[in-house]
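*Asks:* Protein sequences, first through last, are from chains R and G.
Its first residue numbered 1, the first sequence is counted upward by one per residue in this note's numbering.
Its first residue numbered 1001, the second sequence is counted upward by one per residue in this note's numbering.
Treat the hints loosely; a few may be bogus.
Said to hold, decoys possible - Lysine-lysine pairs mimicking PhoX-like chemistry, simulated, CA-CA at most 25 Å apart:
| # | chain 1 | residue 1 | chain 2 | residue 2 |
| --- | --- | --- | --- | --- |
| 1 | R | K438 | R | K397 |
| 2 | R | K423 | R | K397 |
| 3 | G | K1088 | R | K22 |
| 4 | R | K447 | R | K423 |
| 5 | R | K254 | G | K1088 |
| 6 | R | K22 | R | K52 |
To be verified - Just so you have them, the derived chain G footprint on chain R, three or more residues with Cβ under 8 Å:
| # | region |
| --- | --- |
| 7 | 58 to 72 |
| 8 | 209 to 220 |
Keep in mind that the hints were calculated from the coordinates and are not lab data.
Glycine is no exception: its CB is placed at the ideal position from the N, C-alpha and C atoms.
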Amino acid sequence: MNDYIIPLCYLAAGGLFIVGLKGITQPKTARRGLRAAELGMLLAIVGTLLHKEIVDFKWIILAFVVGSTIGALMAVFVPMTAMPQRIALSHAFGALAAGLVGTAEYYNHQPEIGAFTMTAITLEVLLGFLTFTGSLMAFGKLHEILPGRPQVYRGQNVVNLGTLVLAVGAGVWLITDPSRTFLFPVIAVLAAAFGVMLIIPIGGADMPTVISLLNSYAGLSSVAMGFALDNKALIIAGALDGSAGFLLSVIMCKAMNRSFTNVLFGAFGQVDVTASAGGVIEERPVRSASTEEAAMLLETARSVIIVPGYGLAVAQAQHRIRELADALTRNGAEVRFAIHPVAGRMPGHMNVLLAEADVPYDQILDMDEINADFAQTDIALVVGANDVTNPAARTNKDSPIYGMPILDVESARTVMVVKRGMKAGFAGVENELYYQEKTLMIFGDAKKVAEGLVHDLEATVSA
Amino acid sequence: MSTAIESGLYVFLLASFVGFEVIRRVPPLFHTPLMSLTNAVAGISLVGSLVIAGSDQGAVSTILGTVAVTASTINVVGGFLITDRMLKMFRPRDAAPKAGAPKGGAAGGASAWDWLLARFRKNAATGTVQEAGR
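Bound-form chain R, shown alone:
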């Protein structure tokens, strides 16, 4: 009987996962999709618990209780601004599970393991442990336990590549003869070391790509587990996870006009350390304004586009910015938000923050949807975004960000930039936008400035 129920559970689970992902392609069906995926997971778990190999339930129950408690607490108490860290951490958990299952599979069955299964187990362990440590590193950088700046040293790429080659080599050697048990810990340790070394040279603003890539690796380790255990539900779920991560990282790379190799091995963002230390800081005049002056301009504006960036997340200014948008709307202006694909520290970071602050999603537009509208806009208000607005990406062939698609804020009649100081952005490039005649700099913390703008705007309107 169970011989039929179990495979059918897995089959239904695989189908429901696809239905779930399909749901999330549209706002209206998103939560229904989520329900479908939840049901799929439930079926997969029930199906697995029916397996006759499972004879002892006490550890399973303990792990369920502990895991559910931690998971639920995290889900409830993690603030939306900390979402990138949480995502990185959950990649780590998923990958750890895959690595540990692979390890147990190997020791339970060696040396009688077929070449195919052994290959699957090796891949599972390699990907599992490298994603585990890599995701922990990403978590550390995002949570600012570790320095966010890329850490580089001479010959880094050679050392990294060497470690990977050694790990794969050991893997191949083990596949040819699974009885060489001493190789197994070597593979695990090398993979874990490679995971750490892979993330060390990657800077904070490249995190959207890296998180997506780690998502993809975690999915592929599930696929490998599926092959090792001959379980199709695992293969389907892993393939979906893997393709989601891969697609997102491709989108992120395109949005920066950079290749995978450049993101992973380019140590981007390192440049500005040397450039600013070199003393080529030239003093050029910028126009700065107080919040009162800015509020007077905003009061006359009929159309405003707000461009949020990572600075908004750092200052936790999303609620204040929404209040500002509301105040402008009450004053009769059309207010919209323009989001660059790589704004923030993970794909879609800004959208989630603005949604949290209760900004309707049809007021939030992607770069392609809104770029043409800047020319008919009175004021573009840039809050905590830098490189994604830099016209040098279009005009200056020598700039490191040349060719990156940017938000066309300089076409707006007036540009206001809320920024803490004149420091260069992640790419270490001066932003030409700040020196243009139509640009007004409002220096200060994004949250305080937004508060000030709301206050002064209301004062101006009532006066």
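Let chain R serve as the given structure and place chain G on it in line with the hints.
*Replies:* Relative to the frame of chain R, chain G by itself:
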């Protein structure tokens, strides 16, 4: 090549294509919920972990399995709950503003707790993953 391997490879190939085609249509608006949903789905490693934790093949195997089940359960429960919390925040312009949305600063403990209570009340009938898991 055995049939199991062959069919596994077919499943992988087709699932990857389906995955690409479906996920390509996810708007940037939902990229973060997409990631957290795929995280939850990646908790499917439970399938492997459960068998290891419960099949009584020695202490080491059981410990590895138990840790793996814990890690996967965190992803499943946490992933689905947080995706739901996120998706609930998205609303179109004409819809009424959500009640109880945190209005100032970071979400306080009280509002998060209200949210959890509301969710469990609403879903008591359908049952959530973690209840069924026990």
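*Asks:* If a hint holds in the structure, say so; if it doesn't, say that too.
*Replies:* Status of the hints after comparison with the structure:
1. Restraint check: the Cα-Cα separation between K438 (chain R) and K397 (chain R) comes to about 24 Å, which is no more than 25 Å; the hinted pair holds.
2. For the given pair, K423 (chain R) sits about 22 Å from K397 (chain R) by alpha-carbon distance, which is consistent with the 25 Å threshold.
3. Between the alpha carbons of K1088 (chain G) and K22 (chain R) the distance comes to roughly 17 Å, so the proposed pair stays at or under 25 Å and holds.
4. Taking the CA atoms of K447 (chain R) and K423 (chain R), the gap is near 18 Å; set against the 25 Å cutoff, the hint holds.
5. Note on K254 (chain R) and K1088 (chain G): the hinted pairing is violated, with a Cα-Cα distance of about 30 Å set against a maximum of 25 Å.
6. A hinted pair counts as satisfied when its Cα atoms are at most 25 Å apart, and K22 (chain R) with K52 (chain R) does not qualify at roughly 34 Å.
7. With 13 residues carrying a beta carbon less than 8 Å from a beta carbon of chain G, the region 58 to 72 of chain R meets the three-residue requirement, and the given coverage holds.
8. For the region 209 to 220 of chain R, the proposed coverage by chain G is satisfied: 5 residues have a C-beta within less than 8 Å of a C-beta in that chain, meeting the threshold of three.
Consistency with the previously given hints fails for numbers 5, 6, ordered from lowest to highest.
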